[in-house]
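Sequence lines, in order, name chains A and B.
Sequence positions in the first sequence follow the numbering used here and run 1 to 42.
Sequence positions in the second sequence follow the numbering used here and run 1 to 622.
Since the hints were derived computationally from the structure, they do not count as laboratory data.
Treat the hints with care, since some could be wrong.
As the list claims (entries may be wrong) - For each label pair, taking beta carbons as the anchor points, the in silico distance ranges come out as: (1) B:D131 - A:M1: 52 to 60 Å; (2) B:G532 - A:K32: 44 to 52 Å; (3) A:M1 - B:T306: 35 to 43 Å; (4) B:G8 - A:M1: 57 to 65 Å; (5) B:I193 - A:M1: 35 to 43 Å; (6) A:L15 - B:A156: 54 to 62 Å; (7) A:R36 - B:I112: 22 to 30 Å; (8) A:L15 - B:I193: 27 to 35 Å.
On a predicted model such as this, the values are computed, not experimentally measured, just so you know.
We treat Cβ as the ideally placed atom computed from N, Cα and C, and that holds for glycine.
Listed below, chain by chain, are the residues.
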Amino acid sequence: MQVLKERGLLLVATLSYFIWLGHSFAISAFLKSAHRLFSKFL
Amino acid sequence: MAPFFYLGFAAVSAFLLVRRFEGAPDPAMRVLSGLVLWAVLYLLPVHLAAALQIAGWLQTVQITPLAFFQAAVLAVVAVWSFLRRTSRTESQPTRSSPPSPQFAGYLVAGAIVVGGASLIFAAQMLVAFPDDPDALAYHIPVALHWLQEGSLRIPASLAWEFSLPANTEIGMMMLLAAGAQRFLSLVNLLAAIVLGLSTYLIAKKCTTNRLGAASATLIALSIPIVQFQAFSAYIDLYATAFLLAGTALFIYRYDDDLDHPRLALARLMLAALACGISIGSKSTFYLYGGVFFLVSAAVLIRERCTHKQLARGLLLLVVGLSAPSVFWIGRSWLTTGNPVYPLPVIFHGRTILAGNPNITPVNYEENFVRSRAEWLIYPWTEWKKSPGYLLIPYSTGSGLGGAFATFVPLGLVFAVGVSCTRGPRGPTVLKVLVILWWALLICWWFGLRRVPRFGLPLWVLACALCSPLLVALDQGRSRRIFRVLFVISLASTCAISSFVPLHTLLAGLREGDLSRSKFYDYPKTIDNLPAGTRLANEAGGDYNFVLAGSKLTNEVIPDFELPANLTNTYLRQMHADFVIQRLDAAQAGPSPPCDGLELVREEVLKVGEAGRRDRWRIWRVE
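Build the full structure now, drawing on both the sequences and the hints.
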């Protein structure tokens, strides 16, 4: 039971991270800006 | 040099006092006590001198006499410390040294990630100047205004920008006086250390596990609002840090072998002083300070049978809360009759005491969410209406980060579960803090207009409260996955946050021109005006500090003090020498801002990388 609870919590935390990764405007903005910046420098 | 002596003497006094008074075996508690005491020691003499100046007993507030006063305080503390050492050497109990923390690679990796991002922010200070809107519009201008006027009084215009409680700006005033305008954020770097230590101590109380507490602290330090404010001239971080320091000191007042009741009272006093600093730093913290007072008083009343120090405890609480904040309240009351000016006092829709009800616009939250329901998913979206040229929605006022989104909302639910399921044997501090957190969230929602940075104490406290979850995951069978997730979530947040200062750093190095006029994009002529020249700022709020010039010798009449219709009579009354106007380059209208002005210089400057051009006009008042 304890193991199930721990794995459940870890699963929710992992999902939470991937939801953030997929939905946060910070990620898309970062990728766009990083591309823009480095293409200017390189 | 006087500001450095002033701050240095206060630091040595704090060190001596803590060495004598604070018997905590935990170095985090000793350092936290020392930093709080240092802040108290450098704030109170300025409050005292400013009060005497307003009362007419001092002509001006100057830093050199304050440094001498601080030296006298240090001499007294040194003598007292020496006498106390000789009388206490034999009676001091031997304390057992705390067990050394276990080595945890994932925490080291996390610390390197957060520390690396901080280093990029710090490196940016070498090529940049403070550039956040509110900081340039009034936080730094108020510090400079005090320095130039030699007074901390509210000006005759009663502008709300110059009437706010401003403990953070006192540190900035010292740094401006020392000529360190690039490094004004050092005040907030101190706050970030205080915040980190406080989060660690509160989290440790919730779990009794050092590794869990350290993980929670790293998450708190990875919050973009915290990272950006730590390297800015904003004030929310400073107020938050000292509020949490007060909370940490309060919950530890009977810990760490503090069997001597006088030492417990000293820590209670220090807790109240820390909270008082936060009340005197930002008016939104009146709410948090009020809650701190009510909860601490309730705890002291509840403990009256065990510790029998109710009256003394309550007295110290009131004195401690008032000492670093009463100056600002008294100043507002004497000038306007409203002790909380510029906040209005409104009861049942009727204004009892006048103020400015629109300091923060009612719809300000629309900058962060498209509908109110979106707050429920804000940690995962981090939307921002105007993210700026780089499009990144992280700044001094927005963004919670990936590590926060991954662990904190879940951790809060877990903390509620732990508090409920363990019943009366569960950790009391965790239970009380969880209840308080939800109560404060309601206050933030209804009372603080849902501005993310106004809720900074909540977001940081939430990190501390998620430490039971972090411990549970770290002690589980899948701890390796947890550790990888922990480091990756910190790394992705820090990569995005540090991209903004990295961009500024690279742009600065590529341009090669690190001058102030280039950084802020204003005409160099302004730096070469004779000292004491008075400029009326018609260039916009962002230039209230900028127009002071590279040597800070120009006196700027800020945009918010200028009337809507500028007149020559007003300019003469205010002894303005020039009016500085900034227009879009396409706007070529020749008309001056008012009659009786002569155009002495016109310049078109390219602004930033967005390709905008500004037309600057310098008008002499005739």
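For each hint, the structure was consulted:
no., hint, verdict
1, B:D131 - A:M1: 52 to 60 Å, "holds (54 Å)"
2, B:G532 - A:K32: 44 to 52 Å, "holds (47 Å)"
3, A:M1 - B:T306: 35 to 43 Å, "holds (38 Å)"
4, B:G8 - A:M1: 57 to 65 Å, "holds (58 Å)"
5, B:I193 - A:M1: 35 to 43 Å, "holds (42 Å)"
6, A:L15 - B:A156: 54 to 62 Å, "holds (58 Å)"
7, A:R36 - B:I112: 22 to 30 Å, "holds (28 Å)"
8, A:L15 - B:I193: 27 to 35 Å, "holds (34 Å)"
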